[in-house]
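Chemist: Sequence lines, in order, name chains R and Y.
Each step along the first sequence adds one to the number in our numbering, with nothing skipped, and position 152 is 152.
Each step along the second sequence adds one to the number in our numbering, with nothing skipped, and position 194 is 194.
Keep in mind that the hints were calculated from the coordinates and are not lab data.
A few of these clues could be false.
[What the hints assert, rightly or not] Distance condition first, Cα-Cα at most 30 Å in a straight line; then the derived DSSO-like pairs of lysine-lysine:
| hint | chain 1 | residue 1 | chain 2 | residue 2 |
| --- | --- | --- | --- | --- |
| 1 | Y | K118 | R | K49 |
| 2 | R | K118 | Y | K49 |
| 3 | Y | K23 | R | K118 |
[Unchecked claim] Computed far set for chain Y versus chain R, every beta-carbon distance over 10 Å:
| hint | residue |
| --- | --- |
| 4 | S3 |
| 5 | V43 |
| 6 | G127 |
| 7 | D128 |
| 8 | N143 |
| 9 | I154 |
| 10 | N155 |
| 11 | Q183 |
| 12 | R194 |
| 13 | G202 |
| 14 | E213 |
| 15 | R235 |
| 16 | E244 |
| 17 | G261 |
| 18 | T299 |
| 19 | G310 |
Heads up, the beta-carbon is just placed ideally off N, CA and C, and yes, glycines get one too.
One letter stands for each residue in the lines below.
Number of protein chains: 2
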Amino acid sequence: MHSEQIALDHGSGGEASAELVEKFFLPILDNPFLRELDDSAVVSLNGEKVAMTTDSYVVDPIFFPGGNIGSLAVHGTVNDLSMQGAQPLYLTLGLILEEGLPFEDLQKVMEGVAQASKESSIKIVAGDTKVVSKGHVDKLFINTAGVGLIPPAINVSAGNARPGDVVLINGNIADHGIAILTQREGLHFQSSIRSDSAPLNGLVSAMLHVCPEVHVLRDPTRGGVATALNEIASRSNVAVQLYEERVPISDPVRSACEMLGLDPLYVANEGKCLTILPRKHGEAVLKAMKHHPYGAGATMIGEVLESPQGRVLLKTQVGGTRILSTLTGAQLPRIC
Amino acid sequence: MHSEQIALDHGSGGEASAELVEKFFLPILDNPFLRELDDSAVVSLNGEKVAMTTDSYVVDPIFFPGGNIGSLAVHGTVNDLSMQGAQPLYLTLGLILEEGLPFEDLQKVMEGVAQASKESSIKIVAGDTKVVSKGHVDKLFINTAGVGLIPPAINVSAGNARPGDVVLINGNIADHGIAILTQREGLHFQSSIRSDSAPLNGLVSAMLHVCPEVHVLRDPTRGGVATALNEIASRSNVAVQLYEERVPISDPVRSACEMLGLDPLYVANEGKCLTILPRKHGEAVLKAMKHHPYGAGATMIGEVLESPQGRVLLKTQVGGTRILSTLTGAQLPRIC
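One chain only, chain R, in its complex shape:
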């Protein structure tokens, strides 16, 4: 570790996070499950292939356009399971509450939890509540952990991308991060920007129905599309080429990013899925995605090349090519 203390970017989902996991946590906790470095683990329960994952949510503010910390916590864990090709089944919910939190706020958050779990058909089966004295936690943190069943025929992993594959995304990027930031800073742009937070299990299920041979599913959350694609390129020993003009971004989000000096390719999404699959299945899967409410804006944004291995290349609108690196630093803290 370069420093002797934990810094904000150790939680950014970018380079410092990866270093913390690989150089600090893995040597202490080393086992084959953690070494996979996926967002969720695949374990065996008497022969059943089961996905298991956890996430803590510390988003600030806890209410934002398009959701709240409760709906976000459910969506995030549902999506991590979905990215393994698993059918999400059961969820646990751990709450850490600040003394003095208004019940009205907790009510709204729990309604977000209830609605999100209903939409994604995941059952909340166990919970835990801790309360700490005022000033020792900021309002409300949530942990969700989930399990889901992976059908035997499905084998998706960040290490499965192959040259010749295409890269799909199900809609506009950067909505979540910009919605949080504008809410937190009290900024007002020409039109309201809403988080894309959504459960993706239905969409993924429709895609896998059309094409069980999907190679990679990945939700570009902290660190954004650029960081997620770097993880895939590195794990699969391939290059990913992204076409800048094909990456869908709404006008308000593009303007906001320009004003704020943020690259939308590094901004967090909470309802987006990068899908990498053999080119021959691309059209059929895109069609299935477009029939789903969360895939209406689906499009092909890139392809997988043999080299340079481990790199993500951006073909810019003016015809140049530049390397897109992993996020360094904490671009936006407490985004989820």
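Fit chain Y to the given chain R structure using the hints.
Modeler: For chain Y alone, kept in the frame of chain R given last:
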């Protein structure tokens, strides 16, 4: 709810916690799993009986005699699974870190996690790390969630106690709560008091091997032995009679409780297990417990009666009987 804000005793594990769960969370999230109100849920995964549980840890201080927040988090989840008769298999680990936390502290905590998971043979399969800015979380909070397999022949539940059953415990009570409190307040008693934090899966496995007909397993954590027995009495519609002079307490803990004005029956344990089973199997199970390192102090402390239903009675050393109620108020905050 009586108040309009969250108070410390909503996290105490006592009466206010139960009210929060039953009157606030259940109506919003209602499903048959949560309605069981056990420490962990029993779910089905393609026909396999699986226990699933979660707990967040906010203990203050994070280092204490007998363990740290890391070992405690693993033990707590291993024990919740064990109390369903499950064999603990897989664990997820969610960390919320305060910016500026020394790596040296994180290292010690993670060594606690690693050692505890090794001893209990549970595998940490997925993790998540969030960092929040200085002052927005107190050092380090941990969430653990776990799954385990329940053998088909085992059926333990807080609702299974029957008149004629006996109540066993595996050793001295109140060690954990008093160890935390003395460490936090900088108190020094005649001899050092250590937390009893320990993984109980090996002990429980040995007990169930001798007697698969065990009715109830419960770890008396927040709220202590008195609160756990009240939950059992209430869920099983029976009375539990406890013999005061049989409840094992070490001399230093007894003295500390007297000085601090605490009733040890309400103080948290993290390595204790209340076991309720048919009287005819009592001796055999006690013998098995005494052969295990975490059951050396095992003893019979009470029995189950038909009435008064839902009540816990304490037969005092002077021959009287008094009702032991559920914990009210937050006797000791941030004990786990």
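Chemist: Next, verify each hint and record whether it holds.
Modeler: For each hint, the structure was consulted:
A hinted pair counts as satisfied when its Cα atoms are at most 30 Å apart, and K118/Y with K49/R qualifies at roughly 23 Å. Among the hinted pairs, K118/R with K49/Y is consistent with the structure: their alpha-carbon atoms are about 23 Å apart, no more than 30 Å. Straight-line distance between C-alpha atoms of K23/Y and K118/R comes to about 20 Å, which keeps the hinted pair within the 30 Å bound. The beta carbon of S3/Y is not kept farther than 10 Å from every beta carbon of chain R, the shortest such distance being approximately 8 Å.
Consistency note on V43/Y: stated as away from chain R, yet its beta-carbon is not over 10 Å from all of that chain's, at 5 Å minimum. The beta carbon of G127/Y is not kept farther than 10 Å from every beta carbon of chain R, the shortest such distance being approximately 7 Å. A beta-carbon of chain R is positioned within 10 Å of the beta-carbon of D128/Y; the least distance is around 5 Å. Under the 10 Å C-beta cut-off, the non-interface status given to N143/Y relative to chain R is violated; the minimum distance is some 4 Å.
In this structure I154/Y is separated from chain R by more than 10 Å, as the shortest Cβ-Cβ distance comes to about 15 Å. The non-interface label for N155/Y is consistent with chain R: the shortest C-beta to C-beta separation is roughly 18 Å, beyond 10 Å. Every CB of chain R is more than 10 Å from the CB of Q183/Y (nearest about 17 Å), matching its label as outside the interface. Consistency note on R194/Y: stated as away from chain R, and its beta-carbon is indeed over 10 Å from all of that chain's, at 23 Å minimum.
A cut-off of 10 Å between C-beta atoms confirms that G202/Y is not in contact with chain R; the least separation is 20 Å. In this structure E213/Y is separated from chain R by more than 10 Å, as the shortest Cβ-Cβ distance comes to about 23 Å. With a least CB separation of 16 Å from chain R, R235/Y remains clear of the 10 Å interface cut-off, as annotated. The claim that E244/Y is not at the interface with chain R holds, since no C-beta of that chain comes within 10 Å of its own (minimum 31 Å).
No beta-carbon of chain R is positioned within 10 Å of the beta-carbon of G261/Y; the least distance is around 21 Å. Consistency note on T299/Y: stated as away from chain R, and its beta-carbon is indeed over 10 Å from all of that chain's, at 30 Å minimum. The claim that G310/Y is not at the interface with chain R holds, since no C-beta of that chain comes within 10 Å of its own (minimum 23 Å).
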